[in-house]
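Given chain A, put chain Z in place with the hints provided.
Line order of the protein sequences matches chains A and Z. Its first residue numbered 1, the first sequence is counted upward by one per residue in this note's numbering. Its first residue numbered 199, the second sequence is counted upward by one per residue in this note's numbering.
If you're looking for bench data, these hints aren't it; they were derived computationally from the structure. You may find that some hints are simply not true.
Stated by the list, open to error - Under 8 Å between C-beta atoms, here's a sample of chain Z residues computed to sit facing chain A: (1) L211; (2) A213; (3) L216; (4) I227; (5) G232; (6) N236; (7) H249; (8) Q326; (9) R328; (10) G329; (11) Y357; (12) M366; (13) L386; (14) S391.
Stated by the list, open to error - Now the stretches of chain Z that chain A is said to cover, found in silico as 3 or more residues with beta-carbon under 8 Å: (15) 256 to 268; (16) 377 to 385.
Claimed, not checked - Which residues of chain Z face chain A? A partial, calculated answer using Cβ under 8 Å: (17) F239; (18) G369; (19) K372; (20) L390.
The beta carbon of each residue, even a glycine, is placed where N, CA and C say it ideally should be.
One-letter residues, chain by chain:
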Amino acid sequence: MNRPDHSTFQEWLNLDADGRLAPEERARLEQHLAGCEECRLEREELAAFQGLFERSAVPVRSDFADSVMAALPHAGWEGRSPRTWQFPVAVAAMLMLVAGFLIAGSTSGAAPSGLAALDAMGGMVRAAALAGAGLLGASWKGIGLIVEDVISSPVSLGAFGFLVLCLNLLLVSLVRRRKPAAAAASLARGGRETDGGR
Amino acid sequence: MTRGMEQATDEDLVAAVLRGDRDRFGDLIERYQGRLVNYLFRLLRNADDAHDLAQEVLVKVYQVLDRYDPQYKFSTWLFRVAQNAAIDQIRRRRLKLVSLRQEDEEGEGRDWDLPSPERGPYGDLRNQERGGAIQEAIDALPWEYRELILLRHFGELPYEEIARLKEMPLGTVKNKLFRGRQMLKEKLRDFLSD
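Pulled out of the complex, with its shape left as it was, chain A reads as follows:
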């Protein structure tokens, strides 16, 4: 291995001050320090340097943490946090279960059993899904009728095509305008800000 020069030892002193020096290098540094007054002085200065920063630290206000906590607004994600959802979800599940028991009881005439309640709940979910699917189908059918109406006449088809073209041009111009502005802003801000550390 090559013998490190004096400037390397000075770099090592800096790394050592940050606890970043490998044990082997540290041993060689200690060996060097034993015979080098200049590097010993450098080490003392580095320690003093860190101490200087520590002594000049600004004290944090005693009520700082409390004032931040008091200033915290309701964040958007709080509504989605599990703890917030636990209670309403539990209540909804319980209500569904009770409703299931009641429906099962009223339809069978006999004492409601757990299985019948589950069956009734399944029936409710099936009915809701069917209703949703029906609504979706109806809306698509409605759109289909409008499109059919538009393409049936050449004039309305031309007008519709012109409208689509204008909207596309508008979209392209907006994207073009936003791109350089966003790039400049990102460059000026030195990268992403609240991207979760990525």
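Positioned in the frame of chain A, the structure of chain Z alone reads:
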């Protein structure tokens, strides 16, 4: 084994906050307030502004906490938000980063408020002189060195986090910190024996 929140990592605390335990955010604040305020103080050169901006940063981080990716260090994210917020504020207020003194209309200098923990908020002369010298020396550094020195010495971020935050190779971070310190040491030599 259950781990107490005193030993919890930042990532554990964030997860607890996201589960609805709002008070754990207070633990994160306690953990970072000193570093954050001092880091911002060195950028803004005013203790009140540093406190106000630190509060803004923490509130902002809380609002988007669900976007935090635990694969990365919380501190890296926090200081990135803080640095961007400080740069925005400096731009807005058109702070002059070169001079420590601000000239008033009569042309007389006014000292920036500098810390002096030993004796009240604005302390004794030597502290003020020392604080001023540190600020002056930091301000005189080229930005590429200054930002790393501030992140290392006041943000107390390890090399790897600085490298990630600045999107620089680790070797470049080590090299720039070494050079930055050499420059600072030259300027602060008179105060090293205090």
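So, going through the hints one by one against the coordinates:
1. L211: violated (13 Å)
2. A213: violated (11 Å)
3. L216: Since chain A brings a Cβ to about 6 Å from Z/L216, closer than 8 Å, the hint holds.
4. I227: holds (5 Å)
5. G232: This hint holds: Z/G232 lies near chain A, its Cβ roughly 5 Å from the closest one there, short of 8 Å.
6. N236: Nearest chain A Cβ about 5 Å off; hint holds.
7. H249: At 6 Å from the nearest chain A Cβ, Z/H249 passes the 8 Å test, so the hint holds.
8. Q326: violated (10 Å)
9. R328: holds (6 Å)
10. G329: holds (5 Å)
11. Y357: holds (6 Å)
12. M366: Status violated, d = 11 Å.
13. L386: holds (6 Å)
14. S391: holds (7 Å)
15. 256 to 268: Result for this restraint: holds, n = 12.
16. 377 to 385: Held - the stretch 377 to 385 of chain Z has 3 residues with a Cβ nearer than 8 Å to chain A, which meets the minimum of three.
17. F239: It holds, given that the least Cβ distance between Z/F239 and chain A is near 5 Å, below 8 Å.
18. G369: violated (11 Å)
19. K372: holds (7 Å)
20. L390: Status holds, d = 4 Å.
The structure does not agree with the numbered hints 1, 2, 8, 12, 18 stated previously, though it agrees with the rest.
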